[in-house]
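The residues making up each chain are set out below.
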Amino acid sequence: MQHVSPIREPLVTGGKTYHDITEDVCRQVEAKPNPRWAAAFAISLVGLAIFFYSVYRTLWFGIGEWGLNKTVGWAWDITNFVWWVGIGHAGTLISAVLLLFRQKWRSSINRAAEAMTIFAVICAAMFPVLHMGRPWLAYWVLPLPNTFGSLWVNFNSPLLWDVFAISTYFSVSLVFWYIGLIPDFATIRDRATGPIARRAYSVLSMGWTGSAKAWSRYETVSLILAGVATPLVLSVHTIVSMDFATSVIPGWHTTIFPPYFVAGAIFSGFAMVLTLMIITRKVFHLEDYITIEHVESMNKVIITTGSIVGVAYTTEFFIAWYSGVAYEQYAFLNRAFGPYWWAYWSMMTCNVITPQLFWFRSIRRSLTATFIISIFVNIGMWFERFVIIVTSLHRDYLPSSWAMFSPTMIDVGIYVGTFGLFFTLFFLFVKFFPVVNMAEVKAILKSSSEVTHTSADTMHGTEKELNTNTHTHHRHE
Amino acid sequence: MNKKFVLGIYDDEDVLLHAIENIRAAGTKIYEVFSPYPIHGIDDVLGIKRSRLPIVAFFGGLTGMSFALWMQIWMLGFDWPMIIGGKPHISLPAFIPVTFELTVLFSAFSMVIAFFIVSNLKPSLRVNMLDKRSTDDKFVMAIEVKDGVTDLSALNELLRSNGAVEVNEKEVVK
Numbered sequence: 001m002q003h004v005s006p007i008r009e010p011l012v013t014g015g016k017t018y019h020d021i022t023e024d025v026c027r028q029v030e031a032k033p034n035p036r037w038a039a040a041f042a043i044s045l046v047g048l049a050i051f052f053y054s055v056y057r058t059l060w061f062g063i064g065e066w067g068l069n070k071t072v073g074w075a076w077d078i079t080n081f082v083w084w085v086g087i088g089h090a091g092t093l094i095s096a097v098l099l100l101f102r103q104k105w106r107s108s109i110n111r112a113a114e115a116m117t118i119f120a121v122i123c124a125a126m127f128p129v130l131h132m133g134r135p136w137l138a139y140w141v142l143p144l145p146n147t148f149g150s151l152w153v154n155f156n157s158p159l160l161w162d163v164f165a166i167s168t169y170f171s172v173s174l175v176f177w178y179i180g181l182i183p184d185f186a187t188i189r190d191r192a193t194g195p196i197a198r199r200a201y202s203v204l205s206m207g208w209t210g211s212a213k214a215w216s217r218y219e220t221v222s223l224i225l226a227g228v229a230t231p232l233v234l235s236v237h238t239i240v241s242m243d244f245a246t247s248v249i250p251g252w253h254t255t256i257f258p259p260y261f262v263a264g265a266i267f268s269g270f271a272m273v274l275t276l277m278i279i280t281r282k283v284f285h286l287e288d289y290i291t292i293e294h295v296e297s298m299n300k301v302i303i304t305t306g307s308i309v310g311v312a313y314t315t316e317f318f319i320a321w322y323s324g325v326a327y328e329q330y331a332f333l334n335r336a337f338g339p340y341w342w343a344y345w346s347m348m349t350c351n352v353i354t355p356q357l358f359w360f361r362s363i364r365r366s367l368t369a370t371f372i373i374s375i376f377v378n379i380g381m382w383f384e385r386f387v388i389i390v391t392s393l394h395r396d397y398l399p400s401s402w403a404m405f406s407p408t409m410i411d412v413g414i415y416v417g418t419f420g421l422f423f424t425l426f427f428l429f430v431k432f433f434p435v436v437n438m439a440e441v442k443a444i445l446k447s448s449s450e451v452t453h454t455s456a457d458t459m460h461g462t463e464k465e466l467n468t469n470t471h472t473h474h475r476h477e
Numbered sequence: 478m479n480k481k482f483v484l485g486i487y488d489d490e491d492v493l494l495h496a497i498e499n500i501r502a503a504g505t506k507i508y509e510v511f512s513p514y515p516i517h518g519i520d521d522v523l524g525i526k527r528s529r530l531p532i533v534a535f536f537g538g539l540t541g542m543s544f545a546l547w548m549q550i551w552m553l554g555f556d557w558p559m560i561i562g563g564k565p566h567i568s569l570p571a572f573i574p575v576t577f578e579l580t581v582l583f584s585a586f587s588m589v590i591a592f593f594i595v596s597n598l599k600p601s602l603r604v605n606m607l608d609k610r611s612t613d614d615k616f617v618m619a620i621e622v623k624d625g626v627t628d629l630s631a632l633n634e635l636l637r638s639n640g641a642v643e644v645n646e647k648e649v650v651k
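Residue numbers (the working numbering), protein chains in the order written: chain W, 1 to 477; chain P, 478 to 651.
Bear in mind the hints are in silico, worked out from the structure with no lab data behind them. Model, not experiment: these values are computed from the prediction. All C-beta atoms in this analysis are idealised placements derived from N, C-alpha and C, irrespective of residue type, glycine included. Each hint should be verified, as a subset may be incorrect.
[As the list claims (entries may be wrong)] DSS-like mimics (lysine-lysine), calculated; alpha carbons at most 27 Å apart, straight line:
hint: 1; chain 1: P; residue 1: Lys564; chain 2: W; residue 2: Lys213
hint: 2; chain 1: P; residue 1: Lys599; chain 2: W; residue 2: Lys213
hint: 3; chain 1: P; residue 1: Lys609; chain 2: W; residue 2: Lys446
hint: 4; chain 1: W; residue 1: Lys213; chain 2: P; residue 2: Lys609
hint: 5; chain 1: W; residue 1: Lys213; chain 2: P; residue 2: Lys647
[To be verified] Not everything, but these chain W residues come out facing chain P in the computed CB check (under 8 Å):
hint: 6; residue: Pro143
hint: 7; residue: Val172
hint: 8; residue: Thr187
hint: 9; residue: Arg199
hint: 10; residue: Arg217
hint: 11; residue: Glu219
hint: 12; residue: Lys282
Let the sequences and hints guide you as you build the complete structure.
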């Protein structure tokens, strides 16, 4: 079968069998809610309440509830939008890009990472929609006929490209995630004891039987979806970066933005995956499936993308000087040494310096250190977007209109509220959906578990050996 | 009409693959094999042809691309031409992002819908599983029994000698 080098670490530890995987993953779906889960879910609901209150204020009183002014017309909202979208990208990277590269370690984390993608995109979408001021007219961004009171939408505008990019990304990710869930829903359905659970998972599993033909098609569909999702994920953050890059604002109008944004997105996304996974594996006792090896692999992605982001920051500075454009130079000096210096240096510290600690193997393999650094990266990447957006806008071409931005409680409330929204969805997911892709982990079990690493390859044995196997199994029955 | 099956239950993918080869070589027709996860190499031994779903994806993508280009060119170039940023009415480079997104969207959705249709996947309350353990940890080989034609004891022996840990009979009411 597939060859795995003996020096590779096992991806599934603890001598698990196929049935153990089913048991371990289905346990939290079938058991009564664990108190720690209930407490965490209650806290998320408080966050969700904050979200609804802040949205209510924004809708009832208007965008004036936010800290925006005539100079800084984009601030926390777009910062949060880009931040959340970026976080989502790691999920697609794990589910699609690593599938194409045949990275088996993706199997046990792809489900949760994709769920994170979908919930993060939902949170991201809240910001541009709320920023419209009249979200009930949000459908005007679609190409609708003129009788609706507007002309056709402007297909030359990156903001419109964003509409298409984000909605395509969301729907394709959702479908990809759901296709992967179908066989696992079937597993839960066939184990279900209660009538409600059996019916619910029957409907969700869409009559999946696991026949060889269906699996063959399933694999084809997964591969093609991965193939289209890979350029899709790159296009989404490229287009997000074009919201800035196609404008004529100093500090935004640069060609480095698309690759720089994509690297940053993967960087922040992996940090968020780590933050969530370290908690999930602990709470649901999935240490044998999400191992230190997985954490280390993700940390390697973080150090790579973190270094790319670091190079991008330096390049931007160099090009500003090299371009000889006074406005561009001022924009960058103002970023580093102007009134928002603290945001700039927080970004530099969190994004460029802290991930470099992962060059040490002991730090890469330490859960505590990884958890702390992943939080740092999340903070740093938020500051990156804040720095790009606010510092480029607040001192524009006309010094008489220079202004500072400070958020209101409603700005803070919406941001904190999206965490409530995100975690509410995430906690519902971990309770009702299989949090690890059982089918895929079972598929790699023979080549990548501890047991097969130690036991000899007996499977190509003679018929005699097979018969003895048969007898030993009979004893159990 | 009722259908009768003999089910050979296996608990290892490699034993199963060898069994499929031997049983097919013995001239027995295998109705279907059920497994908890996709087994590499099972397509070849069972003689499953490569899925044609990628073709659907390709033509779906082609449709999406054509639709997106037509939509943008017609709307901004013919239906209501406007000068935007001094660019031509039909500025193709600016139309690329939306064209790309719709290509991906149509390609993914057409393929997934085709997958649901050909695999007969639809929300349903009742599912006929021949053996429920095949979504957990067992591999189930189903062989259809034709009354008066199939020699049950020989079939039983064939399955067991090829590593089946259990052999069951099951009748499915249609």
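Quiz prompt | Hints breached by this structure | solution = Those not satisfied are hints 1 and 12.
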